[in-house]
Amino acid sequence: MFYREAGQFKSTYAADQQLFPIRQDRIAMALLLALAFVGVPLASITPGIEGVIDFNYWYNGVIIPFLIFSLAALGLNILTGYAGQLSLGTGAFMAVGAFAAYNLMLRVPRMPILAAFVLAGVIAAAVGLVFGLPSLRIKGFYLAVATLAAQFFVVWALTKFGWFSNDSSSGVIAAQKIVIAGYAFDTPVKRYLLVLAIVAVMALAAKNLARSAIGRAWMAVRDMDVAAEVIGIPMMKAKLLAFAISSFYCGVAGALFAFAYLGNVEPQAFDLDLSFRILFMIIIGGVGSVLGSFLGAAFIVVLPILLDIAATGFERAAGIAVPAGLVSNLTLILFGALIVFFLAVEPLGLARLWQVAKEKLRLWPFPH
Amino acid sequence: MFRHFGRPVAALLGAAILAAAPWARAQSEQFIPMNGYWVGPYAAGGSGVFGGYIDYINMVNAKGGINGVKLTYEKCETEYNNARGVECYERSKKKGPTGASLVMPLSTGITYSLIDKGTEDHVPIVSIGYGRTDAADGRVFPWVFPLITTYWSQATAMLKFIGMKEGGGTEKLKGKKIVLVYHDSAYGKEPIPVLESQAKRFGYELHTIAVAHPGNEQQAQWLQVRQIRPDWVILWGWGVMNPTALKAAARIGFPRNKIVAVWWSGAEEDAIPAGDAAKGYYAAAFNVSGSNYPVVKEIEKTVYAKGKGEMEDRSRIGSIYYNRGVVFGIVATEAIRTAQAKYGKGKPMTGDQIRWGLEHLNIDEKRLKELGATNFMQPLKVSCSDHEGGGAVRFLQWDGKKWNTVTDWIAADRDVVRPMIEESAAKYAKEKGITPRDCSKEG
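First to last, the sequence lines map onto chains A and B. Position 40, counted from 1, in the first sequence is what this note's numbering calls 40; the numbers after and before it change by one each time, with no gaps. Convert by adding 368 to the 1-based position in the second sequence; the result is the number in this note's numbering.
Bound-form chain A, shown alone:
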């Protein structure tokens, strides 16, 4: 009833090609951004609401990691979802971003932190480019194995060479304070807004990229690389650009992971486990979808936390003492079951579910 595009006529190519062609989508997106940028921070300083919900917990514990993982998942989605190149090196590219940003801030005098984030992304892109070279010869699972090399090599190098961590005996870096133009981002709400702004801009850029010539080239490569080459898509450029841009996103996500989230990070925080988690995010969220990256990150990052909170809340409310570890194990089992359930219901990911829901909404309340 509300979600109907009847009467919205496109009279120009630009209107037809825009990011959100349906007016309701544009309104919903504007509302969502307004809620995220204005509504949530305002609510967190409104005295009445602030007392009921512990906003600092939600910022530091849930929302900021969710946004950062969404950005990393978005980066991997560009490479795997759009360009069809399977990668297990996401954690490594994030590590490069985090350590690059740290070293830039440490060694370059008067380095503005936003420029450090961008340069960290560029350095990660360069590393991604190098490890993307095998993709010119091999594909599929074999490429995944080749990107594993990136994963192990980067973590090994960051641990092995003390220079990267400024000779910290344990290889840990202590992220510097975030100060932009004399303004310190030192409270959870400020860090949240900074991360949100960066993620929002980069997500829109990714959506824009996907509909551009290079985005179409990626999808052609993904769907059938021989056919893509025959119609004149430069294979090397498309694949290497996918690696570079994907690593740029991961690098910025890694820098935010260190600077806006954890503060002190060791190379082991970016191990293979992290790469797998991000890969699962895009598989569950939806391969080849910007929205899917966010849904997948929400599923992997937020759902276990909610399950855990609900379980401990239930345990307390019911007043039963369950054996140690039982709750943890049950939560893990439930989480696994949910993954299987959602993949069984919709193998193409949560983003596809949302698309189906949209199709249905167009017809609602009439079935035909």
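Quick caveat, the hints were computed from the structure, so don't treat them as lab data. Be a bit skeptical, because a hint or two may be false.
Derived lysine to aspartate or glutamate pairs resembling DMTMM-like cross-links, with alpha carbons at most 20 Å apart [as the list claims (entries may be wrong)]:
1. K463(B) to E315(A)
2. K177(A) to D783(B)
3. K462(B) to D54(A)
4. K462(B) to E50(A)
5. K190(A) to D489(B)
Nothing here was measured: the structure is a model prediction, and the numbers come from that model.
Please arrange chain B on chain A, whose structure you already have, making use of the hints.
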């Protein structure tokens, strides 16, 4: 399809939001978060340590709490994962009337992630036997307490132990060959600077051999050990790497009683899977194993006899991990008790007050006797500048069935370790723009 599960999802969300909201509690309660791990590859360690920790807290409660203040706790599963650890910390820090008393993350990675947060929120971060070594300089890290002993202290104590076994003191190390077989990670590399600087001083030859995580394949490394033919091997392992190393040592015929391991390689869970290959091997420890100590007996009497208690497998009571958790419990409750002595007995303490308590913690032999923990752990005296306190370790030997204590407390070489800690902490302070506190002005 989707409309069928809208309601359960909404209910789940609702329960989650309700549970996360702060709630009112009676005033004479002190909240201690139990952010540990009971699942995953390190569950053996996590469940053992937190079992002992929680049992000790319950024992204190059963005996009336701390001056009448009841201790409350809540478990939060971190899965040994940094992000989950931060989430648990954020969830727990405001609970109870005065917020989280102190946090023990039991993971070096999570400890690092919490250094800035604890400092900002005024929650003491206590890492006993792990975490950031140079945080022992309390002038730079007022909120971080790597208590009892650090990796660097332990490395120097190991050298003393080797000298002792060679029939004298550290002078006997001259001309000896020592191989460090370490987990190739930040944790495993930790002792290298100390062992290198000591090699120059004592004149032994040091070789280092890295084992990639997780370490379930070590044939190449131990062949290298056989070529070097060392007098001693120091094993700095973790998890599955430990039994694998012992088995590989047995295969090349390297005597196990010439292997001395770090305390994270010296639990029952490390030795039993290696079977006979583990017989005779030494490990450092800052707590002993065995349930034959009054403090453990007291827990059995006041907690388990009433049908409560954390350990489902009773045979693990008194194991290395369990007893380590009891040590955690002693440190936490004694810090709260010390804080109460200054800021008011029978009142819940805030993070600031407990930090004062930790910095003035003084568990001497007399107090240990009262706690029923004589020889169970070492005396501990913390100060504003020294956030380590003890520094000594004991050495245990595995006899095929259990760990036997073979030495008294061996003190660390503080003249070696302390300057390194101060140098490293000063570098951190410079990077972060921290002005170290002046401890002479602290009350």
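Consistency of the hints with the structure:
1. K463(B) to E315(A): Roughly 16 Å between the alpha carbons, so the hint for K463(B) and E315(A) holds.
2. K177(A) to D783(B): At roughly 34 Å apart (the allowed maximum being 20 Å), D783(B) and K177(A) break the hint.
3. K462(B) to D54(A): Holds, because 9 Å separates the two Cα atoms, which is no more than 20 Å.
4. K462(B) to E50(A): holds (14 Å)
5. K190(A) to D489(B): Roughly 16 Å between the alpha carbons, so the hint for K190(A) and D489(B) holds.
Violated hints amount to a single one, hint 2; each of the other numbered hints is respected by the structure.
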